[in-house]
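Participant: Chain residues, written in single-letter form:
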Amino acid sequence: MRSPRALVSAIHSKREHTALYHSSLLVITLGTACFGAVLGTSHGIRQLLYSAVKLPVAFLITLLLVTPALSAIASALRRPLGAAQATLLVLAAAARASLVLLALAPVVWLAMSHGLEYHRGILSAALCYALAGLAALQLVLRGLGQDWRARFIALFFAATLVPAGAQSAWMLRPYVGRPSQPTVPFLRKIDGSFVDSIYRSAGSSVLYE
Amino acid sequence: MHLFDLAVIYATLGIITTVYIRWRQRVRGLKRLGELITTAVFWPFVIALTLGAQSVPASGAMQTDPAEQALNEAFAAVKDSPLENLLTESAVSRLRHEIQRSRSRLDELAHVVQSQGLTVERAKEHLMDLERKGASERSIGSARLQLDNALRLAEMRRRDAQTLDELTELLCVLRSQLVLARYAGAAPAGIADVVTEVWARVEVLGISLEPSESAARTANGHSHPEGSEKSLGERPSDSV
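Same order as they appear, the protein sequences are chains A and B. Note that this note's numbering numbers the first sequence so that position 119 is 119, with each residue one more than the last. Note that this note's numbering numbers the second sequence so that position 102 is 102, with each residue one more than the last.
One or more hints might be untrue.
[As the list claims (entries may be wrong)] In the SDA-like style, the derived pairs of lysine to any residue whose C-alpha atoms are separated by at most 25 Å in a straight line are: (1) A:K189 / A:P163; (2) A:K189 / B:V8; (3) A:K189 / B:R182; (4) A:K189 / B:K124; (5) A:K189 / A:Y129; (6) A:K189 / B:Y10; (7) B:K124 / A:P163; (8) A:K189 / B:A11; (9) B:K124 / A:S23; (10) A:K189 / B:F4.
Since the hints were derived computationally from the structure, they do not count as laboratory data. Computed from a predicted structure; not experimentally measured.
Looking at chain B on its own, in the form it has when it is part of the complex (with noise of 0.2 Å):
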């Protein structure tokens, strides 16, 4: 195989690849132009990030955040029917940007802790490693603080993960929700309190991601996120 061979594959390969991903965002014709001669180039590149952002790395397979896909069902099952208003696109792109940001987060602080050694285990091990050898106080010092830190980087990712699970379980019962309301016509008692706690879950995440433009909210007097105030007065009761 001559090296005329191998481009003529990578160029197909290159289309191919363009075709789909433009397919996928849903763009028409030769808009973006730039960036359809770019993802025809560098098509690899454009692979990696655009389904490469949803693998696992542990085990190698793709997989949708649990949270994400209850939210695209949920979406799914209003889009184009009379009860689209419950859950509009913007209120959609939004928490699924809150998501993507807390599952961002989330990884972030793992990895962290997995490259500086920020264990718990390891800082408890480091602190008898210096009292059984006898250190100097300020050393045990130290390294009790440094445990103490390593105690709160756990309990802030533990504290993130379980808002996140609880997060999911609500858009799990918002969808089985708007599905329900989708084939009966007409919206379930207790959807509005599942979409109140849905963007409460959204505002205690918000408050963990950014805690000074939080205060800095509070302060002001807004107690919620921008646009959730109107998707949550709107929704429920209002639209049905």
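Okay, chain A solo, but in the shape it has when bound (with noise of 0.2 Å):
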């Protein structure tokens, strides 16, 4: 994890396949836990514990439903890449993702400790799953090649996956527990799309100012 270089080295001559996938997938669910945890402290301990099990588990989701996506994209754009290895890659750059979201949380939590308020927070968690598949991205792009058609793959790619982890993400929100809300739901009602939830807190942030 350490060594982007070596990651994808080992990610392409087929070495150590098993140890990569294992530690994948700790770091994904440990980092996104922590960071679901401090999206949660806003909100009492039960928040704080149904975001540590979500988070996570919207990140696992969208890994599930998109991986294909990249070996299927690859193939079209005539780069070879097989499924082994687009699994491992995009596993390697959630975690990547994972690590970045997993620094950025002391950030967000001193902000949420200094009254961070509940629509600035959404923004500024969105802001931190920005960067985080940025970082995502660079290993995608380092693994593909250095090229236009790996550009165009990784672009592509994004495209699936933005959408598609918005929306899981969206599925099984709150995150952050709305300071009106007396009581704490695991799950809220599903009302519009991730997009528009957006478009709301921007609009709310505005207004509040």
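Once you've looked at the hints, go ahead and assemble the two chains, each given alone in its own frame, into the complex.
Facilitator: This is the structure in structure tokens:
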């Protein structure tokens, strides 16, 4: 995990695949659980526990959904990438993203403990996901190559990953918990989509200023 | 269809996959419980890793390495027979490991050459382009060096592929010899030479894979990889 170059080399040379698979799953689970717990801190211990469970689940559901897409997109664009390599590349990239989330967790925690407003909390979480996604994308690009074809594959893959991830996370919300809501539900009723939510949060954030 | 229905279908497929994978790996009961749970939950990943490792990306068709296939068939020919010690399980797993390593190295080299544009054609084009433009001697020198590196990489790939092909052919011969031995009841003449040749090719592959390790081994006076000497000495003539 410390060396992207060695990671990509191991993926392509079919070395240590089992170890890489298990360590990636572990890092993803721990990293996202910690970040989820931090998001839930503003709304009590129950929300903290719920978020610590739900965020890894949302992350892993997304990976299960989109992983075959990378292999398919790469094949369609004539870049040979086996199913095993694609799976490990996605898992390793997701593990990297989880490490970025873990690194950002103290910053978000500090902001939340200083009374970061609910909608801004959601926006800061979205910003953290974007940063983590960029770190993951960098590893995917390294694994696919340095040419334009690889960039197109990464772009199409990101176009699959972002909506799938956003919707998976949306279905398992809340992670932060509305301040006006006295009880803490495990899942909230699905209304609208992730894009609507971002739009509403951005609007509310501006209104509160 | 509701989320619950999807979850039930997912769980059912997970159970089927887990049973199949464990049957394939010959694991019984609740051994390795953690692995069992991980397989049932993340079965799409496990399928991709176990079955996808053998797939050919270009065509998408499933295929086993011909050398490995010949080795498996040779082992199947002697398994549970008086000739089993001609090709022991440990020798087979070592051979399989070496084949997989060299195949991985070939794949890795192909990927590096492809993704970093280190092909001979590209390096030649670049050099010709520079010469046509009348670039400085230093630039042309660098381009020549790049072409030289690309040629060396291509040669390395060709040599590894050739050794692997030779090993595959030898394993095919060994397989037919062992099948013959099984049904004839005795090892045919020349089987010892074939086995010696097989290990010699494995040795060549080992030298290409780990030049520094091989150099150290040679310096220490060990001419064969660990375990190969034993298999060579024992299997062909002593056992039958």
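Participant: Confirm or reject each hint.
Facilitator: Hints, one by one, checked against the model:
1. A:K189 / A:P163: At roughly 19 Å apart (the allowed maximum being 25 Å), P163 (chain A) and K189 (chain A) satisfy the hint.
2. A:K189 / B:V8: Holds. K189 (chain A) to V8 (chain B) sits at ~21 Å (cutoff 25 Å).
3. A:K189 / B:R182: Violated: K189 (chain A) and R182 (chain B) sit about 68 Å apart, past 25 Å.
4. A:K189 / B:K124: 63 Å, violated
5. A:K189 / A:Y129: 23 Å, holds
6. A:K189 / B:Y10: 23 Å, holds
7. B:K124 / A:P163: Distance of about 44 Å is beyond 25 Å: violated.
8. A:K189 / B:A11: 24 Å, holds
9. B:K124 / A:S23: This hinted pair is violated, its Cα atoms lying about 43 Å apart.
10. A:K189 / B:F4: Holds, at about 15 Å.
In this structure, the earlier hints numbered 3, 4, 7 and 9 are contradicted, and the remaining ones agree with it.
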